[in-house]
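The lines below spell out each chain.
Number of protein chains: 2
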Amino acid sequence: MTATPHFDRVALIGIGLINSSIARLIKRDGLAASMICCARRQETLDEARALELCDDYTTDPAEAVRGADLVVLGVPVGAIKSVAEAMQGELQAGAIVTDVGSVKATVINDLRPVLPAGVHFVPGHPVAGTEHSGPSAGFAELFDGRWCILTPEEATDEVAVEKVRAFWAHAGMRVDLMDAKHHDQVLAITSHLPHLIAYNIVGTAHDLETVTEREVIKYSAGGFRDFTRIAASDPVMWRDVFLNNREAVLEMLGRFSEDLASLQRAIRWSDGDALEELFTRTREIRRSLIEAKQA
Amino acid sequence: MTATPHFDRVALIGIGLINSSIARLIKRDGLAASMICCARRQETLDEARALELCDDYTTDPAEAVRGADLVVLGVPVGAIKSVAEAMQGELQAGAIVTDVGSVKATVINDLRPVLPAGVHFVPGHPVAGTEHSGPSAGFAELFDGRWCILTPEEATDEVAVEKVRAFWAHAGMRVDLMDAKHHDQVLAITSHLPHLIAYNIVGTAHDLETVTEREVIKYSAGGFRDFTRIAASDPVMWRDVFLNNREAVLEMLGRFSEDLASLQRAIRWSDGDALEELFTRTREIRRSLIEAKQA
Numbered sequence: 001m002t003a004t005p006h007f008d009r010v011a012l013i014g015i016g017l018i019n020s021s022i023a024r025l026i027k028r029d030g031l032a033a034s035m036i037c038c039a040r041r042q043e044t045l046d047e048a049r050a051l052e053l054c055d056d057y058t059t060d061p062a063e064a065v066r067g068a069d070l071v072v073l074g075v076p077v078g079a080i081k082s083v084a085e086a087m088q089g090e091l092q093a094g095a096i097v098t099d100v101g102s103v104k105a106t107v108i109n110d111l112r113p114v115l116p117a118g119v120h121f122v123p124g125h126p127v128a129g130t131e132h133s134g135p136s137a138g139f140a141e142l143f144d145g146r147w148c149i150l151t152p153e154e155a156t157d158e159v160a161v162e163k164v165r166a167f168w169a170h171a172g173m174r175v176d177l178m179d180a181k182h183h184d185q186v187l188a189i190t191s192h193l194p195h196l197i198a199y200n201i202v203g204t205a206h207d208l209e210t211v212t213e214r215e216v217i218k219y220s221a222g223g224f225r226d227f228t229r230i231a232a233s234d235p236v237m238w239r240d241v242f243l244n245n246r247e248a249v250l251e252m253l254g255r256f257s258e259d260l261a262s263l264q265r266a267i268r269w270s271d272g273d274a275l276e277e278l279f280t281r282t283r284e285i286r287r288s289l290i291e292a293k294q295a
Numbered sequence: 001m002t003a004t005p006h007f008d009r010v011a012l013i014g015i016g017l018i019n020s021s022i023a024r025l026i027k028r029d030g031l032a033a034s035m036i037c038c039a040r041r042q043e044t045l046d047e048a049r050a051l052e053l054c055d056d057y058t059t060d061p062a063e064a065v066r067g068a069d070l071v072v073l074g075v076p077v078g079a080i081k082s083v084a085e086a087m088q089g090e091l092q093a094g095a096i097v098t099d100v101g102s103v104k105a106t107v108i109n110d111l112r113p114v115l116p117a118g119v120h121f122v123p124g125h126p127v128a129g130t131e132h133s134g135p136s137a138g139f140a141e142l143f144d145g146r147w148c149i150l151t152p153e154e155a156t157d158e159v160a161v162e163k164v165r166a167f168w169a170h171a172g173m174r175v176d177l178m179d180a181k182h183h184d185q186v187l188a189i190t191s192h193l194p195h196l197i198a199y200n201i202v203g204t205a206h207d208l209e210t211v212t213e214r215e216v217i218k219y220s221a222g223g224f225r226d227f228t229r230i231a232a233s234d235p236v237m238w239r240d241v242f243l244n245n246r247e248a249v250l251e252m253l254g255r256f257s258e259d260l261a262s263l264q265r266a267i268r269w270s271d272g273d274a275l276e277e278l279f280t281r282t283r284e285i286r287r288s289l290i291e292a293k294q295a
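Protein chains in written order, with the working numbering: chain A, 1 to 295; chain B, 1 to 295.
Bear in mind the hints are in silico, worked out from the structure with no lab data behind them. All C-beta atoms, glycine included, are put in the ideal place defined by N, C-alpha and C. Among these hints, one or two may not hold up.
Unchecked claim - With a straight-line cut-off of 27 Å between C-alpha atoms, the simulated DSS-like cross-links for lysine-lysine are:
| hint | chain 1 | residue 1 | chain 2 | residue 2 |
| --- | --- | --- | --- | --- |
| 1 | B | K81 | A | K181 |
| 2 | A | K218 | A | K81 |
| 3 | B | K293 | A | K218 |
| 4 | B | K181 | B | K81 |
| 5 | B | K181 | A | K218 |
| 6 | B | K181 | A | K293 |
As the list claims (entries may be wrong) - If we take Cβ atoms under 7 Å as the criterion, some of the chain B residues that face chain A in the derived model are:
| hint | residue |
| --- | --- |
| 7 | T156 |
| 8 | V159 |
| 9 | Q185 |
| 10 | F242 |
| 11 | R255 |
| 12 | D259 |
| 13 | A274 |
| 14 | L275 |
| 15 | T280 |
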């Protein structure tokens, strides 16, 4: 089964890092006859317009999806349900709705009762990003060489799934299909926990009395600065990720804390062998990652 | 007081990332009439020789320091004492000994009883590095734009301190002087704790049953990969850092764990405001870091 990544009219709901990258890609390669984007705030919409990202601009989700055969939801996962409710009356039969949210099970549960019959929902997650946000942050090459995960339910129309797959493949992504719950576990360890930890250590550093913020910044080249980059990611998007993937994040966090307590004990009791064993093992994982061209 | 960063004979003890970068810098800019390096393993020494990093090569620290007016200790901090004991009989009067270790108080305590009177010890820490190690990993520009911290004791010869300062300034570093204990606290939060956490999460990910290592690697673009880079740093060097800066690391780790428990609670009880507040605050720190040109 093959499909072409071409559409008559694409509606981008939200125009942040991901959707503005999609807009640039679609425009660059002529993947849609026309394209509209929708933002909640007029200011964001004006920014998108100044960048000439789309053909049409609106703050009304219902207006945005009218006549669209592809709708891409690129808003924080906590906002997806209300956006879907606002647009449901105008979705045309046969339209494909997809999203780019970092959590999949709750999004599916939120949208299932809202989307009309005859509209195909293909939950998606392009695993790509930077710490920057907003319409200006996007670029067409963002997805190149990265992985995209689709988590359709069994009953989902296969042609719709293939069409979304073809779109992401065109964007340079390798596409996997998996169960939504498993997606949420995988991302809890590869993305959500790393962000939580980065946010946390930057907060810890900020609250110290013995070391000034100026010192933290000056000497950050020793490792800290990598964490500040991650901890600069969009606050609302990440708030919603943790609120919507609670179970998997708490599970991974529990394991992380256990392991950290064990490391703490090794330091306290000068167990150099235990430290060296772990530090040697983790180095191997980096090598595997470089070999898989994900470094 | 000014000094020139020129020496008659430089002895580099250890020829890993830092000392091999120093060798390249000294050679490039003609900062020494001659230069010798010393490695414990013949294999490392052969690698340094093949790269033509120095004029002379030895596995004997005593031979290395003979006639040197600058000795740079670039070995794991746990090995510094035994190396100093091996070379102490050959150190010439007036020679400057400096080090590049990530911990300062224990190094000073280790060396104080070992170094002969008339030899000037200037403890140093160029805060720069990559996740790579060994003679091939170095490059002369490694230090450019970063900070270097010197932690001389009050009685240390000022001319010797100024000479070391001039050397690092020539390497492109901005040089600060501070108390060794304070250095160890600052680095515990800006470098040691970030490394510990990165090592820990990579270990946690490796041990999961529900998510395969292959999946962790494939989807690492979501944040995890930044941690794998840090967790690929030299295992022995980092083992020694934690064993030698125990008190400060345990203090910072305690605070980190407290803060993490509080975040865990916010997730469990869906306290979105607490999450968003922290995530917004940490973003500001990234901005300060970019403004300070340390990003």
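Hints, verified against the model:
1. Restraint check: the Cα-Cα separation between B/K81 and A/K181 comes to about 53 Å, which exceeds 27 Å; the hinted pair is violated.
2. For the hint linking A/K218 to A/K81, the alpha-carbon distance of about 43 Å lies beyond 27 Å, and the restraint is violated.
3. With a CA separation close to 9 Å, the supplied pair B/K293 and A/K218 stays within the 27 Å bound.
4. Annotation: proposed proximity of B/K181 to B/K81 holds, straight-line Cα distance about 19 Å (limit 27 Å).
5. With a C-alpha separation of about 17 Å, the suggested pair B/K181 and A/K218 falls inside the 27 Å cut-off, and the hint holds.
6. Restraint check for B/K181 and A/K293: not satisfied, since their Cα atoms lie roughly 41 Å apart, outside the 27 Å limit.
7. With a least beta-carbon distance of about 22 Å to chain A, the hint placing B/T156 at the interface is violated under the 7 Å criterion.
8. With 7 Å as the threshold, the beta carbon of B/V159 stays out of range of chain A, its nearest partner Cβ sitting at about 26 Å, so the hint is violated.
9. At about 5 Å, the closest approach between the beta carbon of B/Q185 and any beta carbon in chain A falls short of 7 Å, and the interface hint on this residue holds.
10. Given the 7 Å rule on beta carbons, the hint for B/F242 holds: about 5 Å separates it from the nearest Cβ of chain A.
11. Residue-level restraint check for B/R255 holds (minimum Cβ-Cβ distance to chain A is 5 Å; threshold 7 Å).
12. The beta carbon of B/D259 comes within 5 Å of a beta carbon in chain A, closer than 7 Å, and the hint placing it at the interface holds.
13. A hinted interface residue such as B/A274 counts as satisfied when its beta carbon comes closer than 7 Å to some beta carbon of chain A; here the least separation is about 9 Å, so the hint is violated.
14. Taking 7 Å as the C-beta contact cut-off toward chain A, the hint placing B/L275 at the interface holds, the least distance being around 4 Å.
15. For B/T280, the interface hint holds, since its Cβ comes within 7 Å of a Cβ in chain A; the closest pair sits about 5 Å apart.
Comparing the model with each earlier hint shows violations of hints 1, 2, 6, 7, 8, 13; every other hint is respected.
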